[in-house]
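Undergrad: Starting from the known structure of chain D, fit chain Y onto it as the hints suggest.
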Amino acid sequence: MDPIVDIQGLSYAYRGFENKWVLRDITFQIQPGEFIAVAGRTGSGKSTLCYTLNGLVPHSFGGKMEGFVLIYGLNTRDAAPAVLASKVGIVLQSAESQLVGLTVREDVEFGLENIMLPREEIRERVDWALDVVKLSHLQNSSPWNLSGGQKQRLAIASALAFRPQLLVLDNPTAELDPIGKQDVLETISFLNREHGITIFIVDQELHEVLPYAHRLLILDDGKVLVIDTPEIVLDQAELVRGSGVKLPDVTEISYQLRKRKLWIGTLPISIAQATEKFGAMIQGVSLQVMPRVETPAPEKHLIEIKNVSFGYPNGRMVLQGIDLNIDSGDFLAIMGQNGAGKTTLAKHLNGLLKPNKGQVLVEGLDTQKESVAHLATRVGYVFQNPDHQIFSKTVGDELSFGPKNLGWSADRIEQAVQRALHDIEMEDRREAEPYFMGLAERKLIAIASVLIMEPHVLVLDEPATGADYNVALRIMRYISSLHDRGLTVIIITHDVSLAANYASRVIAMRDGAIKIAGSPESIFQQKELLNECNISLPEVAELSNTLASYNLKQQVIRVQDMVSLFEGVQ
Amino acid sequence: MSSIRTSFYEGNESFLSRIDPRIKLLYILWVFAMIMVFTDPVFQSFTMASLLLASIAGGLSLGKVVNAGKLGIYVGLTSWVIWTIFLRNEGVPLFHVFGWSVTDYGVLKGLSVALRITSVLFAFLIVAMTTPTRDIITGLYGLRVSMVFSMVIGIILRLIPQFQSEHSTIMEAQRSRATEFDKGGLITRFRKHTAYIIPLTLRALKIVSDLSIAMESRAYDPYTPRTFVRELKMKRSDKVILISMAVFLVFSILLRIFGFGVLQLGLLGSGQ
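Line order of the protein sequences matches chains D and Y.
Residue numbers are given in numbering that gives the first Met the number 0: position 212 of the first sequence equals residue 211, and the series is strictly consecutive.
Residue numbers are given in numbering that gives the first Met the number 0: position 138 of the second sequence equals residue 137, and the series is strictly consecutive.
Just chain D, with the same shape it has in the complex (with noise of 0.2 Å):
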């Protein structure tokens, strides 16, 4: 069968950087029908990859380009995006900057407008492609009005109206809450099964996107590191780990029983695959996790949330009755479903946004009354986006920003600058301009420039999102080291593993409420309510879920835990 994608000795570089190549010498071949998953660190050459399929590369972004590209034969250096859009569908990983309508049918109506087809046809289409994304009940809505999945699915069947062999996917379920994932992948998917069409998806999350693919491609400095079936990737570890991917938890626990030798034969790459023999392991020995030890709560309270209900001037109301005290030391994770209110909530902390009804006091202080300015120095707030707050020539002076602001003395702002330097290992990058450097630098000067002005607590929005696994790991160990130091945390994320490693107490929100709430081996034991707020199980506790059967007593929600279990045993 003729490949529907054939790339020979690929190499590419962004104009004005001619010098710096993205893509090394790229050579693989994809066949009609397949779903390849595509993974590697920031900065790896994913998205420029993707844009190589469908011709904006070389074509839009101009720059030096050696090799070939071809689809179904057509050259891409001979053929534009606008030619190629039949062909092959691109779904980029913001789903709201591809958003042009103004209602969902228009949305989907503006690729067909464009390559001229009779009106009649256009209609037929745009029906067809809401049917098969599930939006056609939604087609005179605002996209912008969708939830997150819903957006992604539009920007689906925006591409698919064109009906082009190949799907290309730029990460398009990093914005979104589990549930939501979930219901992308299956629609990408049910694509590839029942309208054979070819994926070709850049996903982070492998445990999610695996169990769809027919094989992995793992990017490294723009070069293939090695593509293949997920078995045989996954198998070589150490060479994933080094490319920045996160192993799928089942994958990375029998990896660190190899590592042990307590594991033989091949890696699993899911938990049905690893239940039998994970289950083997333990089987007739009675397995108890020590419990982590509860501390109890102080009698006065860092921060009181008392009945608060919050709306917009155009009557939608966001929060509702929100109770919620927060203690000094707490780790907590709020997490929901897209648009369940956790962003507002966490905005009442530091008065950017004040209740319609209840209060909130913070050390006792009542943020109806206070300025943000005032709290600021108690509640650190970090935006999700580290471009929303950066704007200084230098890393030095962007962390003096707020000590200035708050009217602090040079001495004192100089000293300040020093430690939180030295705190994100950047004694020698004063000078440097924040704006060039890496997301994980951005993302650390953004915090330490919020920390610099020494609040009691730091709430994080999505600290890790968008970020690879040492990206990640990184952030959240320099957010980790400082709650070991005393600083009350909070933090809001789609993400359970990092729910399940890093917090002492979890809250779960849907439709402006708090539906749940406790420590993370509390709350990833109620699987149903969580799912009401599109929130999946972390896999470690759906493994222990299945082991239970086997004689594991109680669940457990991390993977060094779940390695420690399995060590014992031995």
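Some hints could be false.
[As the list claims (entries may be wrong)] Simulated crosslink set (EDC-like; lysine to aspartate or glutamate; CA at most 20 Å straight-line):
#1 D/K353 <-> D/D396
#2 D/K260 <-> D/D560
#3 Y/K63 <-> Y/E9
#4 D/K222 <-> D/E237
#5 D/K86 <-> D/D1
#6 D/K403 <-> Y/D181
#7 D/K368 <-> Y/E171
#8 Y/K191 <-> D/D386
#9 D/K245 <-> D/D560
#10 D/K403 <-> Y/E171
#11 D/K353 <-> Y/D209
#12 D/K526 <-> D/E207
#13 D/K258 <-> D/E207
#14 Y/K191 <-> D/E432
#15 D/K552 <-> D/E275
#16 D/K86 <-> D/E120
#17 D/K403 <-> Y/E179
#18 D/K353 <-> Y/E179
#19 D/K258 <-> D/D227
#20 Y/K205 <-> D/D386
#21 D/K299 <-> D/D326
#22 D/K245 <-> D/E541
#23 Y/K234 <-> Y/E12
#24 Y/K232 <-> D/D24
#25 D/K245 <-> D/E461
#26 D/K276 <-> D/E566
#27 D/K514 <-> D/E531
#28 D/K86 <-> Y/E9
#29 D/K552 <-> D/E566
#30 D/K368 <-> Y/D181
#31 Y/K205 <-> D/E432
#32 D/K368 <-> Y/E179
#33 Y/K182 <-> D/E369
#34 Y/K191 <-> D/D396
#35 D/K392 <-> D/E426
Don't read these hints as lab results, they were simulated from the structure.
Computed from a predicted structure; not experimentally measured.
TA: Same frame as chain D, now just chain Y:
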């Protein structure tokens, strides 16, 4: 999650929303022509009354329209005050403020200029609030405006609310770092404002770049013709409005030629 608006379009079903977008775009030009023909605020008030009528026909609340055009009202009022202050030597003095004359000519001229500024802005806003962005593009194209220009207008209309949302997030991020934009001297305030101007500019570039990638991926090429799903068909009511606008404009020009509608001094009395 804040409530996101990504268009000026209000989505109301109304008499104005059903009018052919070409007629509505011509209405903006008509308002411009009518307000420029006369310099006398009394005659200009007819055009302003048409705006009121258009708002009602569009099912728009006056509060919403005024709120959307707040900036234009500020500019208009500022212009009125400036003209009143500087045209102190022309016309009949009405009264004095700290020895400075306020003349009838200054007041009326200022008002005339203010009405010119605000009328066109409000005409645009009323049309934008009653017309989907895509219909504006289709209408412009239907009026033989080039496709590139039509799409640019459409994209600007789509991007403005998104930039407003980005602006609000950036302001919140900086306020969280104890920035109080309304405090401090001139230089301090300028320095503080760079804290949102720079990120907003860079974010704007990113948003525009992402949108252009998305549009190109969907086969958009500004220099090739395209289909429009929305078919433009002039109804009888559209034709009646078009003819009425033409008649009023011709009549107004004739009035002006015969000397009507020119700013009259003494309209506000001598004031002495």
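Undergrad: State for each hint whether it applies.
TA: Hint check results:
| no. | hint | result |
| --- | --- | --- |
| 1 | D/K353 <-> D/D396 | violated, 31 Å |
| 2 | D/K260 <-> D/D560 | holds, 18 Å |
| 3 | Y/K63 <-> Y/E9 | holds, 10 Å |
| 4 | D/K222 <-> D/E237 | holds, 17 Å |
| 5 | D/K86 <-> D/D1 | holds, 15 Å |
| 6 | D/K403 <-> Y/D181 | holds, 15 Å |
| 7 | D/K368 <-> Y/E171 | holds, 18 Å |
| 8 | Y/K191 <-> D/D386 | holds, 16 Å |
| 9 | D/K245 <-> D/D560 | holds, 18 Å |
| 10 | D/K403 <-> Y/E171 | holds, 18 Å |
| 11 | D/K353 <-> Y/D209 | violated, 34 Å |
| 12 | D/K526 <-> D/E207 | holds, 17 Å |
| 13 | D/K258 <-> D/E207 | violated, 25 Å |
| 14 | Y/K191 <-> D/E432 | holds, 19 Å |
| 15 | D/K552 <-> D/E275 | holds, 17 Å |
| 16 | D/K86 <-> D/E120 | holds, 17 Å |
| 17 | D/K403 <-> Y/E179 | holds, 11 Å |
| 18 | D/K353 <-> Y/E179 | holds, 17 Å |
| 19 | D/K258 <-> D/D227 | violated, 23 Å |
| 20 | Y/K205 <-> D/D386 | holds, 10 Å |
| 21 | D/K299 <-> D/D326 | holds, 8 Å |
| 22 | D/K245 <-> D/E541 | holds, 18 Å |
| 23 | Y/K234 <-> Y/E12 | holds, 17 Å |
| 24 | Y/K232 <-> D/D24 | violated, 55 Å |
| 25 | D/K245 <-> D/E461 | holds, 18 Å |
| 26 | D/K276 <-> D/E566 | holds, 14 Å |
| 27 | D/K514 <-> D/E531 | holds, 9 Å |
| 28 | D/K86 <-> Y/E9 | violated, 37 Å |
| 29 | D/K552 <-> D/E566 | holds, 17 Å |
| 30 | D/K368 <-> Y/D181 | holds, 18 Å |
| 31 | Y/K205 <-> D/E432 | holds, 18 Å |
| 32 | D/K368 <-> Y/E179 | holds, 16 Å |
| 33 | Y/K182 <-> D/E369 | holds, 16 Å |
| 34 | Y/K191 <-> D/D396 | holds, 13 Å |
| 35 | D/K392 <-> D/E426 | holds, 16 Å |
Hint check: violations occur at hints 1, 11, 13, 19, 24, 28; the rest are consistent with the structure.
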